[in-house]
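Modelling step: build the complete structure from the supplied sequences, incorporating the hints.
Chains A and B, in that order, are what the protein sequence lines are.
For the first sequence, the working numbering gives the first residue as 1, with consecutive numbering after it.
For the second sequence, the working numbering gives the first residue as 1, with consecutive numbering after it.
For the record, the hints were derived by calculation from the structure and aren't laboratory data.
Please note: incorrect hints may appear among the correct ones.
[Claimed, not checked] Pair ranges (Cβ atoms, derived):
| hint | chain 1 | residue 1 | chain 2 | residue 2 | range |
| --- | --- | --- | --- | --- | --- |
| 1 | B | 173 | A | 81 | 50 to 60 Å |
| 2 | B | 6 | A | 11 | 22 to 32 Å |
| 3 | A | 134 | B | 209 | 56 to 66 Å |
| 4 | B | 16 | A | 20 | 49 to 59 Å |
| 5 | B | 68 | A | 11 | 34 to 44 Å |
| 6 | B | 209 | A | 32 | 26 to 36 Å |
| 7 | A | 8 | B | 60 | 31 to 41 Å |
| 8 | B | 272 | A | 134 | 49 to 59 Å |
| 9 | B | 75 | A | 11 | 53 to 63 Å |
| 10 | B | 397 | A | 20 | 53 to 63 Å |
| 11 | B | 328 | A | 8 | 23 to 33 Å |
[Said to hold, decoys possible] In silico PhoX-like cross-links for lysine-lysine, where the CA-CA straight-line distance does not exceed 25 Å:
| hint | chain 1 | residue 1 | chain 2 | residue 2 |
| --- | --- | --- | --- | --- |
| 12 | B | 452 | A | 146 |
| 13 | A | 146 | A | 90 |
| 14 | B | 477 | B | 456 |
| 15 | B | 452 | A | 80 |
| 16 | B | 456 | B | 547 |
| 17 | B | 477 | B | 426 |
| 18 | B | 456 | A | 80 |
| 19 | B | 124 | B | 234 |
| 20 | B | 235 | B | 31 |
Heads up, the beta-carbon is just placed ideally off N, CA and C, and yes, glycines get one too.
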Amino acid sequence: MAETTTDRRTFYLSVVYGLSAIMGMALGIPALLYLFVPPRARQGNEWVDAGDVSQLRPNVPEELQFRRRRVDGWRVVSEKTSAWVVQIPKEGLVAFSPQCTHLGCAYHWDDSKKVFVCPCHTSAFSIDGKVLEGPAPRPLDRYAVKVDRGHILIGPLQKASNVA
Amino acid sequence: MSPSSGEKRVGRLRRIIDWIEDRTGAETALKTFLYEDIPASSGWHQVFGSVALFAFLVQAFTGVLLAFNYSPSPGEAYNSVRYIMTEVTAGRLIRGLHHWGASVMIVVVVLHMVQVFLWGAYKKPREATWLAGCCLLLLTLAFGLTGYLLPWDNRAYWGTVVTTQIIGSAPIVGPYLTRLIGGSGGVGVVTFSRFYAMHVLLLPPLTMLLAGIHIYLVRKHGVMAAPDDTRPHKKFFPEQVFKDTVAIFLVFTILFLMAVLVRIPMERIADPTDTAYIPRPEWYFLFLFQTLKFFEGPLEVVGAVILPNLAILLLFLVPFIDRGRAMRVARRTTAMAIVAFAALGWAGLTAAAVATTPKQAESSAAAELNEPGAWQELAPEDLAAVGYFRAENCANCHAIGRQGPAPDLTSIQIRQPSTWMLPHFKQPAPATAPPVPLSDAQWNSLVAFFSKMNEKSAEALASAPQFAVDGAMIYQKFQCGACHQINGVGQRLGPPLNGVGMHRTRDWLIGHFNDPKKFSPGTIMPPYRFNEKDMNAITSYLLALPK
Chain A
1 MAETTTDRRT FYLSVVYGLS AIMGMALGIP ALLYLFVPPR ARQGNEWVDA GDVSQLRPNV
61 PEELQFRRRR VDGWRVVSEK TSAWVVQIPK EGLVAFSPQC THLGCAYHWD DSKKVFVCPC
121 HTSAFSIDGK VLEGPAPRPL DRYAVKVDRG HILIGPLQKA SNVA
Chain B
1 MSPSSGEKRV GRLRRIIDWI EDRTGAETAL KTFLYEDIPA SSGWHQVFGS VALFAFLVQA
61 FTGVLLAFNY SPSPGEAYNS VRYIMTEVTA GRLIRGLHHW GASVMIVVVV LHMVQVFLWG
121 AYKKPREATW LAGCCLLLLT LAFGLTGYLL PWDNRAYWGT VVTTQIIGSA PIVGPYLTRL
181 IGGSGGVGVV TFSRFYAMHV LLLPPLTMLL AGIHIYLVRK HGVMAAPDDT RPHKKFFPEQ
241 VFKDTVAIFL VFTILFLMAV LVRIPMERIA DPTDTAYIPR PEWYFLFLFQ TLKFFEGPLE
301 VVGAVILPNL AILLLFLVPF IDRGRAMRVA RRTTAMAIVA FAALGWAGLT AAAVATTPKQ
361 AESSAAAELN EPGAWQELAP EDLAAVGYFR AENCANCHAI GRQGPAPDLT SIQIRQPSTW
421 MLPHFKQPAP ATAPPVPLSD AQWNSLVAFF SKMNEKSAEA LASAPQFAVD GAMIYQKFQC
481 GACHQINGVG QRLGPPLNGV GMHRTRDWLI GHFNDPKKFS PGTIMPPYRF NEKDMNAITS
541 YLLALPK
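Below, the structure is given as structure tokens:
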């Protein structure tokens with residue numbers, strides 16, 4: 001008699017814990033996916049026209065303005081942005097993201113010293129984006145860039161680590 | 001003999017539990033809760049309360065998750081819900097659980113009440129428990145009512161218009177209630193904010209408070225025993241907990257399957273000018289909707305306000321009307337008859353409501369979530385150009401959405417002048433398949449389409465459904481635009497065709513094409529006897545036009 005009661009109790013307990021665990025997972029796993037897996041991207045890589053390539057002179061960076069669409073949650077915003085574009089003879093056409101890799105300040109080209117200078121914490125970058133001095137942790141970030149029928153097309157941002 | 005490692009572990013766990021117990025008393029509290037005495041007669045019929053509590057917790061959990069990706073303002077709300085449904089990982093499932101969870105919650109709460117009613121478990125001293133339960137039922141309905149508006153689609157908007165009108169028709173308090181829910185100037189941004197605030201700020205704490213009181217009262221009076229039950233009491237844990245868990249699991253499985261398998265209704269964004277829309281409430285309110293139809297003119301207030309409130313009042317008064325001695329459930333025939341009568345009445349009214357409400361015109365029916373709908377805003381000529389592009393197999397080289405042999409026309413900006421385009425279209429490249437013969441007018445619309453290429457036309461090029469493209473091609477071929485207007489393009493000799501699906505059915509359109517004079521006496525439109533395929537395409541296209 002005592003043994004059947006124990007058996008039954010064990011059965012009850014294992015069903016209670018087992019079913020609770022299944023339901024916990026059925027709710028918990030989707031919740032984790034929902035919170036941590038990034039949403040499906042709506043727009044693929046987009047190439048934006050940033051102007052005529054003939055306006056560039058070798059080794060003179062120009063800040064080119066263009067509009068690009070950015071997916072922001074359920075919105076697609078069209079925003080004005082810019083890139084520092086330079087024709088480097090041995091590397092070809094390069095487009096840098098206009099933000100310092102230290103804390104995101106806007107830097108500029110100092111034509112007398114031939115370096116990019118960030119006014120915030122005096123980071124300096126060479127014409128090909130390498131850190132020359134200051135606290136910047138990595139070279140300037142680059143956009144994918146190509147020329148199509150004489151037009152500069154700016155693509156997605158590439159992290160500095162991909163650039164080598 | 002030294003203790004084994006297993007015993008050591010148990011010893012350590014015990015110490016941690018003891019530490020917590022000394023500081024909080026949590027273990028004693030839990031044990032008191034679990035080892036409550038319940039009558040030997042308790043069993044499967046008493047699981048509904050636990051299931052209702054569980055359903056509420058699922059709603060709270062999924063509701064918080066939805067709020068993480070939801071924007072509570074009209075317009076934005078609709079887009080964010082679409083975003084949850086189509087882009088957020090597991091978003092469709094989470095919304096499914098919340099949407100169908102509302103229905104499950106209603107069903108479970110009603111079953112819980114029916115059980116308590118049949119067994120007469122509301123009798124002295126449990127009247128207060130019953131009253132708290134009635135309040136919880138009303139709160140559950142209020143959740144359903146306020147949550148209905150939040151996706152801000154046509155269905156939500158028009159359903160709420162009716163609700164606010166009913167609330168406003170209440171004698172004396174009507175205008176004040178209307179002001180309270182922000183419905184004075186019709187359903188709008190204020191109504192939306194009030195419904196949202198009620199749904200997420202007011203109702204949840206109120207429900208938790210009342211559920212707390214309800215559960216406290218259940219524990220205070222104990223679970224009701226059957227009148228002839230003289231057997232010794234048993235403990236709530238583990239046997240009744242086992243039964244509750246199994247019942248919860250069954251309901252959860254049903255809910256989960258519904259969330260995965262059943263499509264959630266999602267219509268076009270709320271359109272307050274859509275006068276052809278036929279609003280209807282959620283299924284559990286359909287019986288009220290039908291009751292309304294029996295009362296017209298000055299009597300409407302009876303069906304809309306007086307009867308429902310009388311029913312609620314009666315529900316609250318049940319323990320004070322039935323004050324007789326407790327009886328075994330099998331002998332409570334009056335209670336059974338009342339439940340059967342109510343169930344039949346409810347089912348009959350609901351069935352009548354479903355049967356008598358006309359089907360929604362095709363275009364107002366659920367907007368396909370995966371179709372962006374950019375094509376709906378194009379002029380017929382441009383949409384037809386998409387068709388020529390497809391018929392010409394241009395995409396063999398100009399792949400859409402990926403890199404092909406020739407540029408992807410949806411992702412680059414086209415800079416070729418239109419004078420360059422026409423020769424290019426007519427003789428694309430040496431090795432392509434022989435060109436499909438197009439008329440000069442058709443070539444020109446292709447040129448026009450690509451000369452003014454923008455985001456919308458790019459999206460349409462990639463995703464416009466073939467039926468719409470076919471329809472637009474027929475529309476162009478028969479020069480319907482010489483008399484009609486679509487999306488602002490074309491003449492106004494005949495009626496503009498936008499939104500024609502709101503008030504015409506497919507059968508009507510087909511009949512009208514075949515014999516216009518029969519359907520619109522005095523019309524100058526000649527008959528068009530399309531073959532079946534073309535007829536299908538043109539009518540589908542017309543029915544899908546936006547307003």
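Against the structure, the hints come out as follows:
1. One distance hint, 50 to 60 Å for the beta-carbon pair residue 173 of chain B and residue 81 of chain A, holds here, with the actual separation near 56 Å.
2. In this structure the hint that residue 6 of chain B and residue 11 of chain A lie 22 to 32 Å apart at CB holds, the actual value being about 23 Å.
3. At about 58 Å, the CB distance of residue 134 of chain A to residue 209 of chain B agrees with the hint of 56 to 66 Å.
4. Separation of residue 16 of chain B from residue 20 of chain A is about 22 Å and departs from the stated range, judged on CB atoms against 49 to 59 Å.
5. Between residue 68 of chain B and residue 11 of chain A the CB atoms are about 39 Å apart, so this pair conforms to the stated range of 34 to 44 Å.
6. For the pair residue 209 of chain B and residue 32 of chain A, the beta carbons lie near 30 Å from each other, so the given range of 26 to 36 Å is met.
7. The beta-carbon spacing between residue 8 of chain A and residue 60 of chain B, approximately 34 Å, falls within the hinted interval of 31 to 41 Å.
8. At roughly 57 Å, the beta-carbon separation of residue 272 of chain B and residue 134 of chain A lies within the given 49 to 59 Å, and the hint holds.
9. For the pair residue 75 of chain B and residue 11 of chain A, the beta carbons lie near 55 Å from each other, so the given range of 53 to 63 Å is met.
10. Roughly 58 Å separates the CB atoms of residue 397 of chain B and residue 20 of chain A, a value that falls within the hinted 53 to 63 Å.
11. At about 27 Å, the beta-carbon gap between residue 328 of chain B and residue 8 of chain A stays in the expected band of 23 to 33 Å.
12. With a C-alpha separation of about 24 Å, the suggested pairing of residue 452 of chain B with residue 146 of chain A holds against the 25 Å cut-off.
13. Of the supplied pair hints, the one linking residue 146 of chain A and residue 90 of chain A holds, its CA atoms being roughly 16 Å apart against a limit of 25 Å.
14. Distance hint between residue 477 of chain B and residue 456 of chain B is fulfilled; the C-alpha atoms sit about 23 Å from each other, no more than 25 Å.
15. A hinted pair counts as satisfied when its Cα atoms are at most 25 Å apart, and residue 452 of chain B with residue 80 of chain A qualifies at roughly 22 Å.
16. Between the alpha carbons of residue 456 of chain B and residue 547 of chain B the distance comes to roughly 18 Å, so the proposed pair stays at or under 25 Å and holds.
17. Restraint check: the Cα-Cα separation between residue 477 of chain B and residue 426 of chain B comes to about 20 Å, which is no more than 25 Å; the hinted pair holds.
18. Our distance criterion of 25 Å between C-alpha atoms is met by residue 456 of chain B and residue 80 of chain A, whose separation comes to about 20 Å.
19. Under the criterion of a C-alpha separation no larger than 25 Å, the hint pairing residue 124 of chain B with residue 234 of chain B is consistent with the structure, at around 23 Å.
20. Proposed proximity of residue 235 of chain B and residue 31 of chain B is supported: the alpha carbons are some 11 Å apart, at most 25 Å.
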